[in-house]
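*Asks:* One line per chain: the protein sequences are A and B, in this order. For the first sequence, the residue numbers in the numbering used here are 175 to 284. For the second sequence, the residue numbers in the numbering used here are 506 to 622.
A couple of the hints might just be wrong.
Listed next, the in silico EDC-like pairs over lysine to aspartate or glutamate satisfying Cα-Cα at most 20 Å (straight line) [what the hints assert, rightly or not]:
#1 K219(A) x E549(B)
#2 K216(A) x E189(A)
#3 K573(B) x D591(B)
#4 K216(A) x E523(B)
#5 K219(A) x E179(A)
#6 K253(A) x E230(A)
#7 K219(A) x D231(A)
#8 K216(A) x E516(B)
#9 K573(B) x E519(B)
Examples of chain B residues toward chain A, derived with CB under 10 Å [as the list claims (entries may be wrong)]:
#10 F538
#11 Y553
#12 D561
#13 F570
#14 K583
#15 V594
#16 F613
#17 R618
#18 T620
Simulated restraints on C-beta separations [what the hints assert, rightly or not]:
#19 E588(B) x R250(A): 41 to 51 Å
#20 N229(A) x V622(B): 43 to 53 Å
#21 P182(A) x N557(B): 35 to 45 Å
Derived by calculation from the structure, the hints in this document are not laboratory data. Ideal placement from N, C-alpha and C gives every residue a C-beta, glycine not left out.
Here are the chains, one letter per residue:
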Amino acid sequence: RKEVEQDPGPFNVPEGATVAFNCTYSNSASQSFFWYRQDCRKEPKLLMSVYSSGNEDGRFTAQLNRASQYISLLIRDSKLSDSATYLCVSGNQAGTALIFGKGTTLSVSS
Amino acid sequence: DAGVIQSPRHEVTEMGQEVTLRCKPISGHNSLFWYRQTMMRGLELLIYFNNNVPIDDSGMPEDRFSAKMPNASFSTLKIQPSEPRDSAVYFCASSSRTGGHSFYGYTFGSGTRLTVV
Chain A
175 RKEVEQDPGP FNVPEGATVA FNCTYSNSAS QSFFWYRQDC RKEPKLLMSV
225 YSSGNEDGRF TAQLNRASQY ISLLIRDSKL SDSATYLCVS GNQAGTALIF
275 GKGTTLSVSS
Chain B
506 DAGVIQSPRH EVTEMGQEVT LRCKPISGHN SLFWYRQTMM RGLELLIYFN
556 NNVPIDDSGM PEDRFSAKMP NASFSTLKIQ PSEPRDSAVY FCASSSRTGG
606 HSFYGYTFGS GTRLTVV
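Excised from the complex, chain B in its bound form (with noise of 0.2 Å):
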């Protein structure tokens, strides 16, 4: 099992302009979540979707945030244009429910270490 995987594991740009972080969750899990983590706030929920819907988008900061799940092997966090208090560590969690048993917690990604200047 390779995990969650996120790209690009860190990212510097240019206040204003677009970022993109990817995320490819662990095969057969059917919910992927979007974290972000500061030292003044911790880890915030962005976004979580189920079953590649988009579930509840109320922890996204503004209309700036964006996210999509094609499919449910990828997604995608876009930030246009960015700023930079949108710096912090952006990961994806992946996870599912086994045999309609109690849920497991999340497998979460490295991460994707954003600095916007």
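Only chain A is shown next, with the shape it has when bound in the complex (with noise of 0.2 Å):
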């Protein structure tokens, strides 16, 4: 079983539009989570870190639920420039063991 698993998209949807995207994880003692995003043919990049109080940076929140053991990402008013795909993350404390997700496909069209 893969320990982090993500719907592949992709999704399509147009500009302004709110989209939300979960994942799961099977590892109850991961401590560490996070959402990348991946441009095509691009290096992984953080997006951002996800707490379990719920954290939000502008138009992205990010939401833990460890009783579920899922992991969410909203984006708000998307934009062309948020076409991507986006990659759940978890892991260990010391930040040693990050499993990625095979990531989701994310198109927003004018």
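Take the two lone chains, each set in its own frame, and fit them into one complex as the hints suggest.
*Replies:* This is how it looks when you write it as structure tokens:
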């Protein structure tokens, strides 16, 4: 079983739409959680960390549900530039064992 | 900050040849990770180093793969002999903890796109 599972999509949305991604992780001992963004043929880049209390960064909101072992990412007012693959990540507290999901592809159109 | 630097960016080689991928982590980062990314399997951790010492190489596919980190500013991943199924993008990443606070994620290099024909 893959440790971090995501719906691969693609999610095709118009500009201005709100879109949500979920992922589940299997290791209940996981302590750190992130969303990374990866553009086509580029390296993954950290989008935001995910905390139990939930956190927001502009149009992006991340939530963690430890009981259900799922992580979510909400993007409001989608922009064309948000088109990318979003990778869900879980790991240990030390950050020495980050496990990446295979990613969810988002395509925002005008 | 120059970021994590990987070379070469692209490598095309014939089956059976030796391939060496190189990585320079961000100065001051004490952990270095090698990942491989394919469409089928996504990002897979191959090996990671902490303070130049290999800690976990359980992700290394087989004995054909080896990695070294002779000093804090340089690491190599070697494949000998290479096979077509090794074709993938190989990423190096580095990280650090900041003053004992929470871990802040990895910074990836631009990757090496390896094609073995």
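*Asks:* Are the hints correct? Go through all of them and say.
*Replies:* Hints and how they fare:
Our distance criterion of 20 Å between C-alpha atoms is met by K219(A) and E549(B), whose separation comes to about 16 Å. Straight-line distance between C-alpha atoms of K216(A) and E189(A) comes to about 23 Å, which puts the hinted pair past the 20 Å bound. For the hint pairing K573(B) with D591(B), the CA-to-CA distance comes to about 19 Å; that is within 20 Å, so the pair holds. Distance restraint check for K216(A) and E523(B): the Cα-Cα separation of roughly 25 Å exceeds the 20 Å cut-off, and the hinted pair is therefore not satisfied.
The hinted pair formed by K219(A) and E179(A) meets the criterion: a straight-line CA distance of about 19 Å does not exceed 20 Å. Distance check on the hinted pair: K253(A) and E230(A) sit about 17 Å apart at the alpha-carbon level, within 20 Å; holds. Between K219(A) and D231(A), the direct Cα distance comes to roughly 15 Å. Compliance with the 20 Å bound is thereby established for this hinted pair. With a C-alpha separation of about 16 Å, the suggested pairing of K216(A) with E516(B) holds against the 20 Å cut-off.
Straight-line distance between C-alpha atoms of K573(B) and E519(B) comes to about 23 Å, which puts the hinted pair past the 20 Å bound. Among the interface hints, the one on F538(B) holds; its C-beta lies about 8 Å from the nearest C-beta in chain A, closer than the 10 Å criterion. The interface hint given for Y553(B) holds, since its Cβ lies 6 Å from the closest Cβ of chain A, which is under the 10 Å cut-off. The criterion of a C-beta within 10 Å of any C-beta in chain A is met by D561(B), whose closest approach is roughly 7 Å, and the hint holds.
Interface hint status for F570(B): violated, as the beta-carbon distance to the closest one in chain A is roughly 19 Å, over 10 Å. Checking K583(B) against chain A by beta carbon gives a least distance of about 21 Å; that is not within 10 Å, so the hint is violated. Interface hint at V594(B): satisfied, since its Cβ lies 8 Å from the closest Cβ of chain A, which is below the 10 Å cut-off. At its closest, the beta carbon of F613(B) sits 4 Å from a beta carbon of chain A; the interface hint therefore holds under the 10 Å criterion.
For R618(B), the suggested interface contact is upheld, since its CB lies about 8 Å from the closest CB of chain A, less than 10 Å. For T620(B), the interface hint is violated, since its Cβ never comes within 10 Å of a Cβ in chain A; the closest pair sits about 14 Å apart. Between E588(B) and R250(A) the beta carbons are some 46 Å apart, a value that agrees with the proposed interval 41 to 51 Å. The given range of 43 to 53 Å is respected by N229(A) and V622(B), whose C-beta atoms sit roughly 46 Å from each other.
Remark: the range hint 35 to 45 Å for P182(A) to N557(B) is upheld by a beta-carbon distance near 37 Å.
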